[in-house]
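Sequences listed follow chains A and B, in order.
According to the working numbering, the first sequence holds residues 1 to 332 in order.
According to the working numbering, the second sequence holds residues 1 to 170 in order.
Heads up, some of the hints might be wrong.
[As the list claims (entries may be wrong)] With the C-beta cut set under 8 Å, the calculated list includes, among others, these residues of chain A facing chain B:
1) 1
2) 4
3) 5
4) 9
5) 79
6) 82
7) 86
8) 92
9) 100
10) 232
[Claimed, not checked] Some chain B residues close to chain A (C-beta under 7 Å, calculated; not the full set):
11) 20
12) 62
13) 124
14) 127
15) 133
16) 145
17) 148
Keep in mind the hints are simulated off the structure, nothing from the lab.
For each residue, glycine too, the CB sits at the ideal point set by N, CA and C.
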Amino acid sequence: MRELAYLRPDDVGAAVAAVTDNPRAQYLGGGTNLVDHLKLGVTSPELLVDVRRLPLDEVEEVAGEDGPVLRVGANVRNSDVAAHPVVRSVFPAVARALLSGASGQIRNQATTAGNLLQRTRCVYFQDVTTPCNKREPGTGCSAIGGYARYNAILGASEACVTTHPSDLAVALAALDATVVVRGAEGERRLPVRELHRLPGDRPEEDTTLAHGELITAVELTAGRLTRRSTYYKARDRASYAFALVSVAGALQLDGDTVTDVRLAWGGVAHRPWRATVAEDALRGSTFSEEAVLAACDRELAAAVTSEDSAFKVPMVRNVSALVLGRLAKEDR
Amino acid sequence: MQAEITLTVDGTEHRTTVDTRTTVLDLLRERLGNTSPKKGCDHGQCGSCTVLLDGRRHLTCLALAVAHDGAEVVTSAGLAAASDDELHPVQRAFLDHDGLQCGYCTPGQVCSAVGMLDEAEQGHPSHVTDDLEAVPELDDDEIRERMSGNLCRCGAYAGILAAVREAARS
Chain A
1 MRELAYLRPD DVGAAVAAVT DNPRAQYLGG GTNLVDHLKL GVTSPELLVD
51 VRRLPLDEVE EVAGEDGPVL RVGANVRNSD VAAHPVVRSV FPAVARALLS
101 GASGQIRNQA TTAGNLLQRT RCVYFQDVTT PCNKREPGTG CSAIGGYARY
151 NAILGASEAC VTTHPSDLAV ALAALDATVV VRGAEGERRL PVRELHRLPG
201 DRPEEDTTLA HGELITAVEL TAGRLTRRST YYKARDRASY AFALVSVAGA
251 LQLDGDTVTD VRLAWGGVAH RPWRATVAED ALRGSTFSEE AVLAACDREL
301 AAAVTSEDSA FKVPMVRNVS ALVLGRLAKE DR
Chain B
1 MQAEITLTVD GTEHRTTVDT RTTVLDLLRE RLGNTSPKKG CDHGQCGSCT
51 VLLDGRRHLT CLALAVAHDG AEVVTSAGLA AASDDELHPV QRAFLDHDGL
101 QCGYCTPGQV CSAVGMLDEA EQGHPSHVTD DLEAVPELDD DEIRERMSGN
151 LCRCGAYAGI LAAVREAARS
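Next up, chain A with everything else stripped away, as it sits in the complex:
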């Protein structure tokens, strides 16, 4: 590990200034991903700016334009968000997503913002002896033609075929959460769906955030739809494993008619994949398993697979039917 300077500013402004001013500075949150990367040599910042003790650790209920808003501070631990009574009752997909990730210890350490900004678990990204365009731009992609079980099937590029590992981000994408960001120029808000990007020819950039921008909170607007939401993760082990595919869904029925629906997929793309083609196909239709599968087929028409990742197409289709089927049962 390289020599490492460390700074723990007392306020958000000082932290943002410290990272903005130094291109080789990085924020340190719970550290569950970054400390591992320091050891592996995946990243080697010269300065860590510790933001974990900044006062961004409250879960607050505030009034919003479209209903009550739950504002989750960037430093609230994954375990505390999952256990929060409002999250459990009004945003069950968020609680379920968090509880399906990592282990009890890691959820106690990992922060809300850190969860969104964790990096891919692609084995080649984490192995500094292999080429990887995300870790070292221009070196090539070892996952193309390599170990492909965890590769993307949607929105990948010739430069990068990896997937985003966060469960939380998938649930937040389904529920149209907003991310509050502080930069040198002040505060801005962006839909969480615009936080992560597709790899294109710049796979080294996971997100649309500029260097130095700091996530300070995540905001969720409550509604009838968010209460009827859930998350299902398909993985190689029963617990403590990353997703092969995952599905966050929300459903609102009037009789058998789908009045509203949300569907977001994890484990299939470089960012949480909001299945808007499938949603549009379902909205206004009569709910049935066949209708969900047909809607997913339309979304998956764009899928590109290899022999090792082809299983994800039927898997994400079937898990979507499972998730929406469960929600339909609850709603009847």
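Once you have looked at the hints, place chain B on chain A.
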């Protein structure tokens, strides 16, 4: 870069200078002589380095010491020392139910179980909790899921499950 920090370990306060790259695990084992937490994978995958940090179960291999200046750490050794008996009830249950073979993962398992029981006491749900709004009951599936961050290469899981089940009841 060097930094001066204070860490309370098993009730004793230590003021020490650390390189900023030092993990809490290496500080405990190599500098403070507390070898209760173990270095298994050193990448947050096995749980053998688990301690209670500021009252919650926490991995020490993925924690930089400098970032935990002022923290209070309790290791499995400290749990025993603080008990009226020679052992903490969770440790006693591990012995009574053969919750170990080689014992390398055991201090991490014990700290994880103590932290997990406290989380359950507070009503925290888990991945296998059916009703998110109910107070979860610690049946075997709940215990297995909540302890899934601690691996045992000897495969003493049956005994670990029995030990934690007994500790949960008492």
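Results of checking the hints against the structure:
1. 1: This interface hint holds because 5 Å falls under the 8 Å limit.
2. 4: Status holds, d = 5 Å.
3. 5: Residue 5/A check passes; min Cβ-Cβ to chain B is 5 Å, inside 8 Å.
4. 9: violated, 13 Å
5. 79: holds, 7 Å
6. 82: Holds: closest Cβ of chain B sits about 7 Å from residue 82/A, inside 8 Å.
7. 86: violated, 11 Å
8. 92: Constraint on residue 92/A satisfied, holds at 5 Å.
9. 100: Holds. Min distance 5 Å.
10. 232: Violated - the Cβ of residue 232/A stays beyond 8 Å from chain B, reaching only about 11 Å at its closest.
11. 20: holds, 4 Å
12. 62: Since chain A brings a Cβ to about 5 Å from residue 62/B, closer than 7 Å, the hint holds.
13. 124: holds, 4 Å
14. 127: Hint holds; residue 127/B Cβ to chain A Cβ min 4 Å, cut 7 Å.
15. 133: Since chain A brings a Cβ to about 5 Å from residue 133/B, closer than 7 Å, the hint holds.
16. 145: Where the cut-off is 7 Å and the nearest Cβ of chain A is about 5 Å from residue 145/B, the hint holds.
17. 148: Because about 4 Å separates residue 148/B from the closest Cβ in chain A, which is inside the 7 Å limit, the hint holds.
In this structure, the hints that do not hold are numbers 4, 7 and 10, in rising order.
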